[in-house]
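K.L.:
Can you make the complete structure from the sequences, with help from the hints?
Number of protein chains: 2
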Amino acid sequence: MINPFDDTYFMKKALQEAETAFEKGEIPVGAVIVIKDKIIARSHNLTELLNDVTAHAEMQAITSASNFLGGKYLKGCTLYVTLEPCQMCAGALYWSQISKVVYGASDDNRGFIKMGAQLHPKTKVVKGVLEDEASTLLKRFFIEKRNLN
Amino acid sequence: MINPFDDTYFMKKALQEAETAFEKGEIPVGAVIVIKDKIIARSHNLTELLNDVTAHAEMQAITSASNFLGGKYLKGCTLYVTLEPCQMCAGALYWSQISKVVYGASDDNRGFIKMGAQLHPKTKVVKGVLEDEASTLLKRFFIEKRNLN
Numbered sequence: 010m011i012n013p014f015d016d017t018y019f020m021k022k023a024l025q026e027a028e029t030a031f032e033k034g035e036i037p038v039g040a041v042i043v044i045k046d047k048i049i050a051r052s053h054n055l056t057e058l059l060n061d062v063t064a065h066a067e068m069q070a071i072t073s074a075s076n077f078l079g080g081k082y083l084k085g086c087t088l089y090v091t092l093e094p095c096q097m098c099a100g101a102l103y104w105s106q107i108s109k110v111v112y113g114a115s116d117d118n119r120g121f122i123k124m125g126a127q128l129h130p131k132t133k134v135v136k137g138v139l140e141d142e143a144s145t146l147l148k149r150f151f152i153e154k155r156n157l158n
Numbered sequence: 010m011i012n013p014f015d016d017t018y019f020m021k022k023a024l025q026e027a028e029t030a031f032e033k034g035e036i037p038v039g040a041v042i043v044i045k046d047k048i049i050a051r052s053h054n055l056t057e058l059l060n061d062v063t064a065h066a067e068m069q070a071i072t073s074a075s076n077f078l079g080g081k082y083l084k085g086c087t088l089y090v091t092l093e094p095c096q097m098c099a100g101a102l103y104w105s106q107i108s109k110v111v112y113g114a115s116d117d118n119r120g121f122i123k124m125g126a127q128l129h130p131k132t133k134v135v136k137g138v139l140e141d142e143a144s145t146l147l148k149r150f151f152i153e154k155r156n157l158n
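Chains as they are written, first to last, in this note's numbering: chain A, 10 to 158; chain B, 10 to 158.
To be clear, the hints were calculated from the coordinates, so they are not data collected in a lab. Hints are supplied without guarantee of correctness; some may be wrong.
Put simply, identical chains are the same to the list, so a pair is met inside one copy or across any two.
Taking lysine-lysine and the DSSO-like style, the derived pairs with C-alpha atoms no more than 30 angstroms apart in a straight line are [unchecked claim]:
| id | residue 1 | residue 2 |
| --- | --- | --- |
| 1 | Lys148 | Lys33 |
| 2 | Lys123 | Lys84 |
| 3 | Lys45 | Lys154 |
| 4 | Lys123 | Lys136 |
| 5 | Lys148 | Lys131 |
P.N.:
Here you go:
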């Protein structure tokens, strides 16, 4: 039997969140956290609206998922995020001991890999899921922003 | 003229926050953020109470200071924190472009230096201010916790 709930399915949900961020004038990054094929947190970048560098999609998703689960560890959970996490978000994911992180586009400038930060050794990582869609949205955002200035 | 508002003065305020965390059963880490000798944010670790790995003292202080200033960049600000920031907090401080970070005790296991994370190149770092007081409080916390279990 085909399982419709694969990584692409959930990354599409994260992309929908990124599109919502785009519409709000935020750098378009979206995230969902899933446990047993159920979405327990949805979020998108809100750094501009909240005037807060900590308001990345992943940070909000971690807080929401912890609230939902009633515990701070996200064992058994998967984060889907459209862009490679930065070192702040990788650090938060490290503490959460989340089981799996799936991201779309790589961030060769400020992604956690380039910056030297680490995920938890127990965390499985999958990258490049719907990478083109995620990076096209980001490029479109920066082109439109440049044209407005 | 002697300026009473030196690094030791503000680190004592951060230590008071760490003591409040201790009393709440939280790993005792405290922080304040200062601009022009004025404290604009005070916070302490609340990860247990909030069930949220992102609730480190520094993260809350960054959010509070941004709210106070009405902007997400903390240029001209100094963070005083009793323990070396982890990679998550270093990542948040990186994004904030904070001018100066002063910490007390080093964290040779999970501190940002050991983990490989980076502060912003513009951020000046001072370490070891009231280091003994900060590390004594942390050691006392873990000894008491061990004896309770």
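K.L.:
Hint by hint, say whether it matches the structure.
P.N.:
Against the structure, the hints:
no. : hint            : in the structure
1   : Lys148 - Lys33  : within (16 angstroms within a copy, 46 angstroms between copies)
2   : Lys123 - Lys84  : both (26 angstroms within a copy, 24 angstroms between copies)
3   : Lys45 - Lys154  : neither (38 angstroms within a copy, 34 angstroms between copies)
4   : Lys123 - Lys136 : both (14 angstroms within a copy, 25 angstroms between copies)
5   : Lys148 - Lys131 : between (33 angstroms within a copy, 27 angstroms between copies)
Hint check: a violation occurs at hint 3 only; the rest are consistent with the structure.
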